[in-house]
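2 protein chains.
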Amino acid sequence: MVQLKVVFLGTSSSVPTKRRGLSSIAVKRGAEILLFDAGECVQRAMINAGLGLNRPMKIFITHLHGDHCVGLLGLLQSMSMAQRDKSLTIYGPRGLQGFIKSNIKALGFDLTFNLQMKNVRQKVVEEPEYTVYACRAEHPPFAYAYLLEEKPRPGVFYPEAAKSLGIPEGRLWSILQRGEAINFQGRLITPEQVTGPRRRGRKIGYSGDTRPSKKLIEFFKGCDLLIFDSTYADRHADKAKENQHSTAREAATLAKEAGVKTLVLTHFSARYDNIAELVKEASEVHGDVVAAEDLMELEVKYPE
Amino acid sequence: MVQLKVVFLGTSSSVPTKRRGLSSIAVKRGAEILLFDAGECVQRAMINAGLGLNRPMKIFITHLHGDHCVGLLGLLQSMSMAQRDKSLTIYGPRGLQGFIKSNIKALGFDLTFNLQMKNVRQKVVEEPEYTVYACRAEHPPFAYAYLLEEKPRPGVFYPEAAKSLGIPEGRLWSILQRGEAINFQGRLITPEQVTGPRRRGRKIGYSGDTRPSKKLIEFFKGCDLLIFDSTYADRHADKAKENQHSTAREAATLAKEAGVKTLVLTHFSARYDNIAELVKEASEVHGDVVAAEDLMELEVKYPE
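Chain order of the listed sequences is E and X.
All residue numbers for the first sequence refer to numbering that gives the first Met the number 0, where the first residue is 0 and numbers rise by one.
All residue numbers for the second sequence refer to numbering that gives the first Met the number 0, where the first residue is 0 and numbers rise by one.
A hint or two may mislead.
Claimed, not checked - Below, computed lysine-lysine pairings styled on PhoX-like, alpha-carbon distance capped at 20 Å: (1) K100/X x K104/E; (2) K17/X x K17/E; (3) K104/X x K27/X; (4) K220/E x K255/E; (5) K104/E x K104/X; (6) K240/X x K213/X; (7) K162/X x K100/E; (8) K255/X x K279/X; (9) K100/E x K57/E; (10) K260/E x K4/E; (11) K220/X x K279/X; (12) K117/E x K104/E; (13) K220/X x K100/E; (14) K240/X x K260/X; (15) K260/X x K214/X.
For the record, the hints were derived by calculation from the structure and aren't laboratory data.
All figures in this text were calculated on a predicted structure; none of them were measured in a lab.
Extracted from the complex, chain E is given alone in its bound form (with noise of 0.2 Å):
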């Protein structure tokens, strides 16, 4: 059982206002980070969140937009500041790591970590215990979006059928649990005879900035939490379009479209003082939805 909770930094779209800070989400996962998006400003929201400098961590960036990645600037100089030692990868799009490194050098400091960077693929982390996937999405010159799938976990264990088989309870079991095989006896005990079958993990996607596409609503099927780009409220579709990014509504229309359970609109048009009118609307169309505040607190639990 891995706890798995997404922290909002930052939800405001573009600039900031009083209440809201730029995009930029935290997933913690077990003692690890994942940081979906750097705004500006984000090392501060790190403090108010109580999220340490030096914890494990990958951050990985949608876009080249200074809203969504210019606060890594001030966050690798504090961490260097505070002396992390642990490396560190940023993975986002071309051009990147030309602006991470020529900023580095004009602020002219030093990094006291390991930083490596990587240009997106397809596939982007694999990890024994999860995989981090991106897809292209639809916003000028390019962003990505991005999908945190953990992997299937064993099955149930039915100590009636260990104990029948004659394990004693203890150590034993313990690796049947957690899905290994054991040599009993002689004889090799594979975790199916004693568990139900393997069960999903859970999965959370972030869109970044996005028009809709099909292509993003097959690559977020089944998502138990879908942070999506909700900018605008239905009366200004049209910049919605004008601009590549969602309406609140249409956030909506394609978590239901994905099978998403939840959905979590974010980076709000600094124009709404009251974002009720988008969450009224996005709730229209689909049953679970949630507006992400700065600072707030979401877990993700296990499916059932």
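With chain E fixed as given, assemble chain X onto it according to the hints.
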């Protein structure tokens, strides 16, 4: 009578804290804003302080460390999003122009206004009503301190003197009051005939990051308000030397030697939750000490 107010937008050193943002100070002089430094998140602090993005404005950067200049990127972008149309000049050390230009290119945004960038010289700006001067500070690789000095105002107007010369109250008095000569019934009347001596304007100094120095004592001579690097308490005086900053006590000693009226401590190390210690140490040396807080406003009055 022009109102002169200082708004502290960020008062932390190097890294932000829950309570303090990175270095930036807005001097509101009448309708104009003179912004000194632009640490990360300055645009949000300006929103919180109610400072608009389309006001007449000049920006002065002390040095190219990230915590003093990274906020320029978001600020310039948001000014364009807000359709700023007034031209803007940014003054700073060599290297600043390249930093700004390469980031505008990397982040792919267009400016809606005319942006000029100028390398700092000794006399930075000369306007009809004030001058801004720069002086090398002691902070590597190189940094500047700034001084805003208003030009002298006309002397006190003596109505009895004007009456005794037969000049009728009204438009002619106004011209003389603002220090210009008039032609009255074929005679030239100079303002000196009806006013006291010209009165000096106000002086505000800002050190940026620096060790104290003799040069800076000279530069800040007679300031009505001096905002000075006060990163450390006495017990970290070694760090002040090592990192080329000042202690609050050193700031106060310099202020006293320069005959400064009010000293404002700022740029506090994030290690101090409570800066009462720094205020106490500075107050042992100088009688008029104020500790800056984010969004604090100070009005600078004309000298008596």
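So which of those numbered hints doesn't the model satisfy?
-> As far as the earlier hints go, 3, 7, 11, 13 and 14 are violated by this structure, in ascending order.
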